Amino acid sequence: MKRKNFSCFLFILPSLLGVLLFYTIPFLFSLYYALIDNMEDRNLVGLQNFAQTLANPLFRRALGNTAFFMVLAVPLSMALGLALAICLQKLRRGRAIATLVLLIPLVVPSGTIVYFWKVLFDANGLVRELLLLSGVPHESLSRYSWPMGVLVLIFLWKNVSYNIVLFWSGLNWIPKTYYEQMELEGAGPWRRFTGVTWVYLSPTTFVVLLMSIVNSFKVFKEVYLLYGNYPSPKIYMLQHYMNNQFLMSNMQKLSSAAYILFLLISLILLAVWHGQKRVADSLQ
Amino acid sequence: MKKIFLLALAALLLCLPLAACQTQADLAYALLQQEVDQNPTPEELRPDLDPANGYKPQVYSVVEPMLTPAPDDNLRGELTIQLGYWGDNGTASRVQELAEEFQQLHPMVKFNYIYPEDHMVAHNYTAEERRQRAQQLKEKISTEIMCRKADYIIFDNPFSNLLGSFYQMAMNGMFLDMKPYFEEDPDMDPDDYYTEAIDALSVDGAWAMMPFSFSYDAVYLNRSVLEELGVDSEEIQEVTTTQILDWYEQALTLEPDLQLFFGAPGKDNLFLVERAAFTDLEHFSASFNSPEFVSFLERSHSVINYDEDPGWNFGAGADEILRWQDTGREPERILYDKRWPHLDPMYLGVTQGRRSFVALEDVEMTSAGNLDQPLEYMAGPYPLLASDGKLGSGFGYGERFVVPACHPNPQLAWEFIKYCMMERDNMEFNNPYWYSNRGYTEYLPIHKKNLRGMVEYLPMFVQTLNCVGYPYFDPVDVDKVVGEIERVLGSYELVSSRVYSLDMDDYLDEYFVQELTTAEECAQKIQGRTDIWLNE
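In order, the protein sequences belong to chains A and B. If you're matching positions, the first sequence starts at 1 in the working numbering and goes up one per residue. If you're matching positions, the second sequence starts at 1 in the working numbering and goes up one per residue.
Simulated from the structure, these hints should not be mistaken for lab results. Keep in mind it's a predicted model, so treat the numbers as computed, not measured. Hints may be right or wrong, so weigh each one.
[As the list claims (entries may be wrong)] Here's a subset of chain B near chain A, in silico, CB distances under 7 Å, partners left out: (1) Thr-143; (2) Met-146; (3) Lys-149; (4) Met-169; (5) Gly-173; (6) Met-174; (7) Leu-412; (8) Leu-516; (9) Ala-519; (10) Glu-536.
Virtual Cβ for every residue (Gly too), placed ideally from N, Cα, C.
Using the sequences provided together with the hints, build the complete structure.
Below, the structure is given as structure tokens:
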């Protein structure tokens, strides 16, 4: 038994070392950086850096933008993903082609996506030109421009495919006899959805929720490629704040912001996991 | 039906690349890339100038400095000098000469030099290649400083793109604060130096960047236009950005084709000065979304500025353009190929330059001479102020030393920097690079006596080969020139160069060049970016 355990340990050792070297040790070092005054003197200052970061109006604005984006984009991507997965499941003819079209954004690189959206939504992009040609005044375009909306659109376009895949596999696991039984009892489509689909899809839904929350933080890649280090204040995210602190070599602000973000994400995921447990228990 | 659908999809997928949106910029880039691919590489063009093939610059014979080490000299160690800029080692050679002089005084100090590729090689690169190499150098230096591996002194000049990064790193304590060294050193008397210029580079009170030389924003004005407006050029003490626009708008009623800037450097040039009036570094606030700034943008936008203009954009060059237009006399100061003048860009720059009102040129050594011996057709140079009276320190022009905080021997680094800044008798340098001047500096020295020395040396200085296009001077009235410079430094608030370190080119291009945004939109964007930058 001991020998077996040792062999198992040897097999996971390379991955474990990688996790230690590239995640755990930097994670702990970051905490040290967050607790000192600067990289030269290295005097311990306790939670002063955290307090300063939380008091910074720019950090709070970035936090607000990030939270707003998550609250807007995550439910939309989940609802759209589920709706498209159900449509795909019900499609008799052309399912393969429809699947291909819906999954293409998943495999397209971010740089390509950015270029595509830039052609559409840039200051000299196609959408703006079409709106101006159709008579929309220039002032209206500037007054009602909504960069957050464009960002949500980009996020949905890129990430809904992933949700479709997850929901589709979840849907395929639901036995069809349940639907037949509900039909025999005279239940309509909505009743069948809430009574069967939604109930049996709940574990998958929580997985999709978790992955969508994680993916929502990755949208920084596209924003950075589109707008650089200093985007509009309306889409200035936490990642911009941290990235710019890194470029300014301010490890203290960077580490404290990263830890605050880590704590917030942990709380969110804890709440999601707790919620999922309660729902699962109630269904049982 | 399925087959038809599949065929249609395949056709669509094939057509998409063909119908891909290709903007004008894409087309231009494709043509440029084609041109670049057809061009020979730098090595193919001039293999004889490639240091890898054994090229060594020609050395002029010079007077050897006779310096004697002190009997009790105990300074020892090793100093490495890293150039902060890429593609021009001409100015670096004077630092090397200073290092050699220092070594004569302190024989136990050894110097190393890290020079990126030289001007002679850089000259044959394309603009994109030069930009990439400059960017690589910037990243190398920034990374080494952040990783605390930078064991060198950095000598930086306007050719570098490091100033913005330096400010950011200085704010986080990555550089040595030289103020305590300056204040505690018995050899340093603040009254001997232009401390205003040192303060302009300071970061939160720390002297993280020590200027070796500096300049300040200035303009030359077309004398005939001033006469038409009834303005006496002798009475002008300074010029603000709004004053320039006021005079220009008045002049347009008399001359509708008058261009604002000689050489058409871009409509955003006044913004570079005016931004100081709307940025408050002390209170971390900006007021770019104010009606005054929007009005300024609109007025700047409406000026005439044709970018294809090949004219010269400095005072003496503008003077040559106006002389040509007035008398038809061929340029005297511009060195051009007389066999085929119509192909020489320098000649064309004079003969095809548009009649304009303003030449933007900082006051550095060559333009300082005009404070005593003005140009014939251009008045000035006058200090160029923002509308609130602040004077910019030449968009960060000038040369400076930076010492990373992790330097192993900061005292030795300071001793060398001090030596470079201190009073000296000889302003003539050897400078082995034929394309560079042979003076202590081409900007204004930070030491008051060195400034006087350079002004005295000016007639010889401008005759060195690099000063093409600049006027020749008779012996200069040193008191007059230095007096005017000191009047300027004492009369106006010298704004921190940090104001210029945030890049706004994309927003300015959108407004001034591509005309995609309104003045209000542009102002909002600039305000948003500045708010973020100030508060991070």
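Each hint, compared with the structure:
no.: 1; hint: Thr-143; in the structure: 10 Å, violated
no.: 2; hint: Met-146; in the structure: 5 Å, holds
no.: 3; hint: Lys-149; in the structure: 13 Å, violated
no.: 4; hint: Met-169; in the structure: 5 Å, holds
no.: 5; hint: Gly-173; in the structure: 5 Å, holds
no.: 6; hint: Met-174; in the structure: 6 Å, holds
no.: 7; hint: Leu-412; in the structure: 19 Å, violated
no.: 8; hint: Leu-516; in the structure: 4 Å, holds
no.: 9; hint: Ala-519; in the structure: 11 Å, violated
no.: 10; hint: Glu-536; in the structure: 5 Å, holds
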